[in-house]
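Same order as they appear, the protein sequences are chains A and B.
Each residue of the first sequence is one higher than the one before, starting from 1 at the first, in the working numbering.
Each residue of the second sequence is one higher than the one before, starting from 1001 at the first, in the working numbering.
Rather than coming from a laboratory, the hints here were simulated on the basis of the structure.
Where a beta carbon is used, it is the ideal one built from N, C-alpha and C, also for glycine.
Hints should not be assumed to be uniformly reliable.
Computed spacing ranges between beta-carbons, pair by pair [what the hints assert, rightly or not]:
#, chain 1, residue 1, chain 2, residue 2, range
1, B, Asn1225, A, Lys276, 37 to 47 Å
2, B, Asp1070, A, Gln42, 47 to 57 Å
3, A, Gln342, B, Glu1312, 33 to 43 Å
4, A, Thr324, B, Asn1167, 29 to 39 Å
5, A, Gln360, B, Thr1104, 31 to 41 Å
6, A, Asp94, B, Ser1232, 19 to 29 Å
Here are some of the chain A residues that sit facing chain B, going by a computed Cβ distance under 8 Å [stated by the list, open to error]:
#, residue
7, Ser44
8, Pro77
9, Arg80
10, Gly82
11, Leu86
12, Val283
13, Pro315
14, Thr318
Straight-line alpha carbon distances no greater than 25 Å define the calculated DSS-like cross-link-like pairs of lysine-lysine that follow [said to hold, decoys possible]:
#, chain 1, residue 1, chain 2, residue 2
15, A, Lys124, B, Lys1236
16, B, Lys1280, A, Lys64
17, A, Lys328, B, Lys1066
18, B, Lys1066, A, Lys276
19, B, Lys1280, A, Lys35
20, B, Lys1117, A, Lys276
21, A, Lys276, B, Lys1127
Residue-level listing of the chains:
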Amino acid sequence: MKVTFPHLGTMHIFCKAIAETSGIPYIVPPETSRKTLTLGVQHSNECICLPFKIILGNFIEALKMGADTIVMVGSGPPCRLGLYDLVQKVILEDMGLHFRWLTIPPRLTWQTLWKNYEETKELKKELSWKNILLFPYALRMGWQKMMACEALEKMAMHVRPREVQQGETQKRLKKALSGVDEARTLRTLNDALQRGKALLQETEQDFSRSPLKIAIVGELYTVMDPNINRGVEQKLGELGAEVTRTSWFSTHILRSLRKNKGDLASERVRFFEASKAYLGYDVGAECNLSVGEAIVRSKEGYDGVVHLMPFACMPETTASGILTRVGKDWDIPILTLILDEQEIEGRIQTLLEAFVEMLQWKRKAA
Amino acid sequence: MEEKGRIGIPRALMFYRYFPLWKVFFEELGWRVIVSDGMGKRGKLIYFEDSCLPMKLLITHSMDLKEKVDFLFVPRIVSLHRHFIMCPKFRGAPDIVRLATEGTVSILDETIDHRTKKDSMLRSFLKTGRQLGADEKEGKRAFQKAEQFLYHFQKGWEDRINRLPLNQLFQIDVPVPEEKKERPLRVAFVGHPYNLFDTDVNKDILSSARSLGMRIVTPEGLSENEISAQVSDLSKEIYWSSGREIVGSLFHFLSGGVDGVVFLTSFKCGIDALLQEFIKRRLKVRGGASIPFLVLTLDEHSGREGLTTRLEAFKDVMEERKSNSRIVT
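Only chain A is shown next, with the shape it has when bound in the complex:
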């Protein structure tokens, strides 16, 4: 048995940690590349959203490398993410690839347990007691690694606009993340995190700058994965803007476990409440939050908002229509970037440069 999982931001780091710690053999799909995307596009319909194509590409590459068990997170209505597994299974089957599929249900119900039962029964035969006993520890390890990655990324977002040597932060972040990746125990993980933090902190910085403040909102997959959004976060940072986002693995996992108490919950509630001026109903996925966050950020004095969405994403299309009005009403520039498989890295760079320049002019004029 060889387990595999899709790429999404730093997800491979902690998924790998879970498999490794519990002693389950795994294969990390090759980093999402042009080839991955081409594979995904070739085997799907043009109007299916970009995450579908990329995840499919990851799976095809991993299965060809010898993986035989796919682990994928599930989701519920109304967004298409909830039916990815139904369609991807048939596509892979049609391609003549052999695999087993395990969906991690978004909420534990009897129905999802029953649907997973057949697959789990098979898997159980191949897992040793050692694997199962180590699993809780492995989960903890994975969680800690995830939190470490997020802490480092958040720090990098803060350091990047102040760096003296452009691109320095990104290099250091990569090094810090691979340190986290290599840690084997909780103690070495903690060391790696501290070392990584120090590494980022030591970047030569110009503290006299007052960077622009930009919030990234939108569909979570495009917001979280730099390979999909062509490094929007890094590009904005290097153009001299301090970027914030509220989509993190921890927020989404805690939300689906219904364990989001305190600040986290109140933040989402705050965004949702703000969106009510424009949307009379929960459209689903991140739509209302995208709208709400833009409004809240405007009140908080942010300079601009970048809205990311895959081409033909159902909830975000509604959001983008409303956001044009929000931008006018609240006097906050909003840049919507619609992402698909086209090679548009250069165009995104130009768009972002123009956007940042415009924000700087706006700030000067105020």
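Given the coordinates of chain A, assemble chain B onto it according to the supplied hints.
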């Protein structure tokens, strides 16, 4: 009865399934119903958001009505089934219309959600009635009458789509003429009702099909049981009711009873894009489907000539198959 005012109904989205009910309900309450004109021959589409064509048409039709009416009726249809939901874009539709019309007209946008209450449709219409100054008793009576009317209307549906000119499909008082000529091919047209029956979306493809000698069958005539029999063995439930209906009816028709199946879909329709891939692949994996199957993707740029050409080719395929099977038997 004295006319209380005008209610505008955009000729878009679920208009193509529920218009008879809506019309009777409002007329029973003493309001005059005005339906938008459609794009016409030189009609211009309003691009308010970058969505699918049916959604753009909703905006265009609403804008057409905004100065002519007192109220615009754009219900927020979240779910029409106990377990299944509608497209997420429907949830935001009234809000988008409100932004596009810039508050120049009041919008009746009560929520219909059958997941919460079984009689959610009735409740929603009672609320709408109350906004229009009707009490509960009047509302209930009007709704019952409207529901019954819709029931009878749907019964005669297959005759309507085969005998009436398509732009008169929803002109309720037009009588259905007698069948004039024999049509040898039975073809199922599957898709969202607003793709099937909106001539602005499908460039009047059903008329072309009829003139090519096809008798049209639509999923409207299928029962819930026939659909769920086809989709109950999937590894995951399809949670959009329209998507489920499309997959179920496609598999139903492809398993026999018709000479060909045409699937009409809008470009950028999220549900159709995903399920279309599923259907194609599943047919390939399972095999066995020998009935000709045509997928037509529509948007505002598709021309009638192109569609007709493809339909003619499809007709040849169907006839070929028919004559071949006759030789075999």
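Tested hints:
{"no.": "1", "hint": "Asn1225(B) - Lys276(A): 37 to 47 Å", "in the structure": "40 Å, holds"}
{"no.": "2", "hint": "Asp1070(B) - Gln42(A): 47 to 57 Å", "in the structure": "53 Å, holds"}
{"no.": "3", "hint": "Gln342(A) - Glu1312(B): 33 to 43 Å", "in the structure": "34 Å, holds"}
{"no.": "4", "hint": "Thr324(A) - Asn1167(B): 29 to 39 Å", "in the structure": "34 Å, holds"}
{"no.": "5", "hint": "Gln360(A) - Thr1104(B): 31 to 41 Å", "in the structure": "37 Å, holds"}
{"no.": "6", "hint": "Asp94(A) - Ser1232(B): 19 to 29 Å", "in the structure": "22 Å, holds"}
{"no.": "7", "hint": "Ser44", "in the structure": "6 Å, holds"}
{"no.": "8", "hint": "Pro77", "in the structure": "4 Å, holds"}
{"no.": "9", "hint": "Arg80", "in the structure": "5 Å, holds"}
{"no.": "10", "hint": "Gly82", "in the structure": "7 Å, holds"}
{"no.": "11", "hint": "Leu86", "in the structure": "4 Å, holds"}
{"no.": "12", "hint": "Val283", "in the structure": "5 Å, holds"}
{"no.": "13", "hint": "Pro315", "in the structure": "5 Å, holds"}
{"no.": "14", "hint": "Thr318", "in the structure": "4 Å, holds"}
{"no.": "15", "hint": "Lys124(A) - Lys1236(B)", "in the structure": "22 Å, holds"}
{"no.": "16", "hint": "Lys1280(B) - Lys64(A)", "in the structure": "23 Å, holds"}
{"no.": "17", "hint": "Lys328(A) - Lys1066(B)", "in the structure": "22 Å, holds"}
{"no.": "18", "hint": "Lys1066(B) - Lys276(A)", "in the structure": "23 Å, holds"}
{"no.": "19", "hint": "Lys1280(B) - Lys35(A)", "in the structure": "24 Å, holds"}
{"no.": "20", "hint": "Lys1117(B) - Lys276(A)", "in the structure": "23 Å, holds"}
{"no.": "21", "hint": "Lys276(A) - Lys1127(B)", "in the structure": "20 Å, holds"}
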